[in-house]
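One letter stands for each residue in the lines below.
Number of protein chains: 2
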Amino acid sequence: MATSCRPSVSVPEHVITMEETLEPARERHAGHPQLPPALRLMENTGVRTRHIVQPIEETLKHPGFEDRDRLYEREAKARVPAVVQRALDDAELLTTDIDVIIYVSCTGFMMPSMTAWLINKMGFESTTRQIPIAQLGCAAGGAAINRAHDFCTACHEANALIVACEFCSLCCQPTDIGVGSLLSNGLFGDGIAGAVVLDALRRLFDEGGVHDRARGLPAGFGPGITAEMSLGRWQTADERTSDELQGVRQA
Amino acid sequence: MATSCRPSVSVPEHVITMEETLEPARERHAGHPQLPPALRLMENTGVRTRHIVQPIEETLKHPGFEDRDRLYEREAKARVPAVVQRALDDAELLTTDIDVIIYVSCTGFMMPSMTAWLINKMGFESTTRQIPIAQLGCAAGGAAINRAHDFCTACHEANALIVACEFCSLCCQPTDIGVGSLLSNGLFGDGIAGAVVLDALRRLFDEGGVHDRARGLPAGFGPGITAEMSLGRWQTADERTSDELQGVRQA
Numbered sequence: 001m002a003t004s005c006r007p008s009v010s011v012p013e014h015v016i017t018m019e020e021t022l023e024p025a026r027e028r029h030a031g032h033p034q035l036p037p038a039l040r041l042m043e044n045t046g047v048r049t050r051h052i053v054q055p056i057e058e059t060l061k062h063p064g065f066e067d068r069d070r071l072y073e074r075e076a077k078a079r080v081p082a083v084v085q086r087a088l089d090d091a092e093l094l095t096t097d098i099d100v101i102i103y104v105s106c107t108g109f110m111m112p113s114m115t116a117w118l119i120n121k122m123g124f125e126s127t128t129r130q131i132p133i134a135q136l137g138c139a140a141g142g143a144a145i146n147r148a149h150d151f152c153t154a155c156h157e158a159n160a161l162i163v164a165c166e167f168c169s170l171c172c173q174p175t176d177i178g179v180g181s182l183l184s185n186g187l188f189g190d191g192i193a194g195a196v197v198l199d200a201l202r203r204l205f206d207e208g209g210v211h212d213r214a215r216g217l218p219a220g221f222g223p224g225i226t227a228e229m230s231l232g233r234w235q236t237a238d239e240r241t242s243d244e245l246q247g248v249r250q251a
Numbered sequence: 001m002a003t004s005c006r007p008s009v010s011v012p013e014h015v016i017t018m019e020e021t022l023e024p025a026r027e028r029h030a031g032h033p034q035l036p037p038a039l040r041l042m043e044n045t046g047v048r049t050r051h052i053v054q055p056i057e058e059t060l061k062h063p064g065f066e067d068r069d070r071l072y073e074r075e076a077k078a079r080v081p082a083v084v085q086r087a088l089d090d091a092e093l094l095t096t097d098i099d100v101i102i103y104v105s106c107t108g109f110m111m112p113s114m115t116a117w118l119i120n121k122m123g124f125e126s127t128t129r130q131i132p133i134a135q136l137g138c139a140a141g142g143a144a145i146n147r148a149h150d151f152c153t154a155c156h157e158a159n160a161l162i163v164a165c166e167f168c169s170l171c172c173q174p175t176d177i178g179v180g181s182l183l184s185n186g187l188f189g190d191g192i193a194g195a196v197v198l199d200a201l202r203r204l205f206d207e208g209g210v211h212d213r214a215r216g217l218p219a220g221f222g223p224g225i226t227a228e229m230s231l232g233r234w235q236t237a238d239e240r241t242s243d244e245l246q247g248v249r250q251a
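Those protein sequence lines, which keep their order, are chains A and B. Position 82 of the first sequence, counting from 1, maps to 82 under this note's numbering, and the rest follow consecutively. Position 48 of the second sequence, counting from 1, maps to 48 under this note's numbering, and the rest follow consecutively.
Isolated chain A, as found in the complex:
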């Protein structure tokens, strides 16, 4: 039975509001036949602010794939270790307690993967297994939880570290006027451990509001009509035993 600990989440310092998103979209794409429904859809999502790694003026330039990938690497290396450290602290674990790192990210690509860099940089054991996943989009948060669950079921007493690092603003295509691109430019933000599933989990920890032993179904949806769902059960601290940390258990 795998137990999920409180996710640590970090978002970058540049903030744009929904109005700051809608205004340039109205200007840049005036006359686009699908603009009115796209704007309505953006507004109706309830997204009020988004965090991005660069000011919006830089984000809307497109210096090319190589420059953006370099920026991804720089920002990921600058931001991920602190988030990982906080997650470890919350779980009362050391880097040397971790058996597998599952790193999901589809908005930048590094070879070797960030998992190799983290292992060397943060002093994880050299035997730590690496599962870097770049191709599951939003569904990767759910997939990461499920693969961690598989690993911890296969190897009892094992600890899995999940990292989701997405800088969606680096994938902004300012000249692409397809409705899908309009929407993704208007909705997605940047964050670490910020995948939908992990963010929803964090809110459960922060805000509570679930009944003890409630069962839930965090789900993530990604490209290629891919979805991953994890069935979990909430367990309060009162029930905590020496083997278990407060969290959502995988059913």
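Just to be clear, a hint being listed does not mean it is correct.
The list treats identical chains as one, so a pair stands whether inside a single copy or across any two.
For lysine to any residue, the following SDA-like pairs were computed, each having C-alpha atoms within a straight-line distance of at most 25 angstroms [to be verified]:
| # | residue 1 | residue 2 |
| --- | --- | --- |
| 1 | Lys77 | Met111 |
| 2 | Lys121 | Pro81 |
| 3 | Lys121 | Met229 |
| 4 | Lys77 | Ala227 |
| 5 | Lys121 | Ala227 |
| 6 | Lys121 | Asp89 |
| 7 | Lys77 | Phe109 |
| 8 | Lys121 | Arg6 |
| 9 | Lys77 | Val47 |
| 10 | Lys77 | Thr59 |
| 11 | Lys77 | Glu58 |
| 12 | Lys77 | Leu41 |
| 13 | Lys61 | Leu94 |
| 14 | Lys77 | Leu204 |
| 15 | Lys77 | Phe188 |
| 16 | Lys61 | Glu43 |
Since the hints were made in silico from the structure, they are not lab data.
Chain B: place on chain A using the hints.
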């Protein structure tokens, strides 16, 4: 206890010999200070022929990342299904028996991943889990076996399909005269399920030569000083029970 069945392997139709590799290298890089040791190292590997997806003249051109990635997608889609079907036939399984597809490839990138395409194209169940891994290089063959082992240990009676599809010739950098690039241009070929680990496994099946119940350690080495090893035990067909197929078991 997970059991590995006979890998099916396919290589493309264009063949170059070691002499056809060495000759252009001698011409193109005459005067390169590290050419003599690089040539010696290539010769000493014992690689005699390599298979590539295009004629060598095309391979040595570099039409850019986008064109090469398009070629990767076209060739992968044209070649992978037959290899998968043969692997399934050898294992006496149907697509509907497969619970997880682990697809490792670092020489081309598709989003959505080939796993999503295969599921739709070949009639795998829509609940099939996807583990696409793009960032473990040569070590990915070993990682794939180990993740399949984890999955089958966590989910008893589950079947995992491993696909390794590498077209290294599409990563040839003709103008890169670094010694690493010289060597990789001179050594790596293209193939499906052709990762070192899986190819070694296939030779065990084809050629035999291991004692019954012998234990072995297929290992793969990749970028970022990454390695994955799988400890297995050979089991002959005589021991085969209704639950087990001939193969190398994970210890």
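Taking the hints in turn, this is what the structure says about them:
Proximity of Lys77 to Met111 under the C-alpha cut-off of 25 angstroms is found in both arrangements, the shortest distances being 13 angstroms within a copy and 24 angstroms between copies. With identical chains, the CA atoms of Lys121 and Pro81 are at most 25 angstroms apart within one copy only, with a shortest distance of 9 angstroms there and 40 angstroms across copies. Taking the shortest alpha-carbon separations for Lys121 and Met229, only the inter-copy value of 23 angstroms comes in at or below 25 angstroms, while the best intra-copy value is 32 angstroms. With identical chains, the CA atoms of Lys77 and Ala227 are at most 25 angstroms apart between copies only, with a shortest distance of 22 angstroms across copies and 28 angstroms within one.
In the homo-oligomer, the alpha carbons of Lys121 and Ala227 lie at most 25 angstroms apart only across protomers (17 angstroms), although the nearest pairing inside one protomer, at 32 angstroms, exceeds that limit. For a Cα distance limit of 25 angstroms, the shortest separation of Lys121 from Asp89 inside one copy, 17 angstroms, qualifies, whereas the shortest one across copies, 45 angstroms, does not. In this assembly of identical chains, the alpha carbons of Lys77 and Phe109 lie at most 25 angstroms apart whether taken from the same copy (13 angstroms) or from different copies (23 angstroms). With identical chains, the CA atoms of Lys121 and Arg6 are at most 25 angstroms apart within one copy only, with a shortest distance of 23 angstroms there and 39 angstroms across copies.
Neither within a single protomer nor between protomers do Lys77 and Val47 lie at most 25 angstroms apart by alpha-carbon distance, with minima of 27 angstroms and 38 angstroms respectively. For the identical chains of this complex, Lys77 and Thr59 are intra-copy neighbours only, at 19 angstroms inside a copy versus 35 angstroms across copies, given an alpha-carbon limit of 25 angstroms. For a Cα distance limit of 25 angstroms, the shortest separation of Lys77 from Glu58 inside one copy, 20 angstroms, qualifies, whereas the shortest one across copies, 37 angstroms, does not. In this homomeric assembly, Lys77 and Leu41 never come within 25 angstroms of each other (Cα to Cα): the closest approach is 34 angstroms inside a single copy and 35 angstroms across copies.
Within a single copy, Lys61 and Leu94 get their C-alpha atoms no closer than 41 angstroms, and across copies no closer than 49 angstroms, so neither meets the 25 angstroms cut-off. In the homo-oligomer, the alpha carbons of Lys77 and Leu204 never lie at most 25 angstroms apart, since the shortest distance is 28 angstroms inside one protomer and 42 angstroms across protomers. For the identical chains of this complex, Lys77 and Phe188 are intra-copy neighbours only, at 21 angstroms inside a copy versus 31 angstroms across copies, given an alpha-carbon limit of 25 angstroms. For the homomeric pair Lys61 and Glu43, the shortest alpha-carbon distance inside one copy (24 angstroms) is at most 25 angstroms, but the shortest distance between copies (48 angstroms) is not.
Violation of the numbered hints given earlier is confined to hints 9, 12, 13 and 14; the remaining hints are satisfied by the structure.
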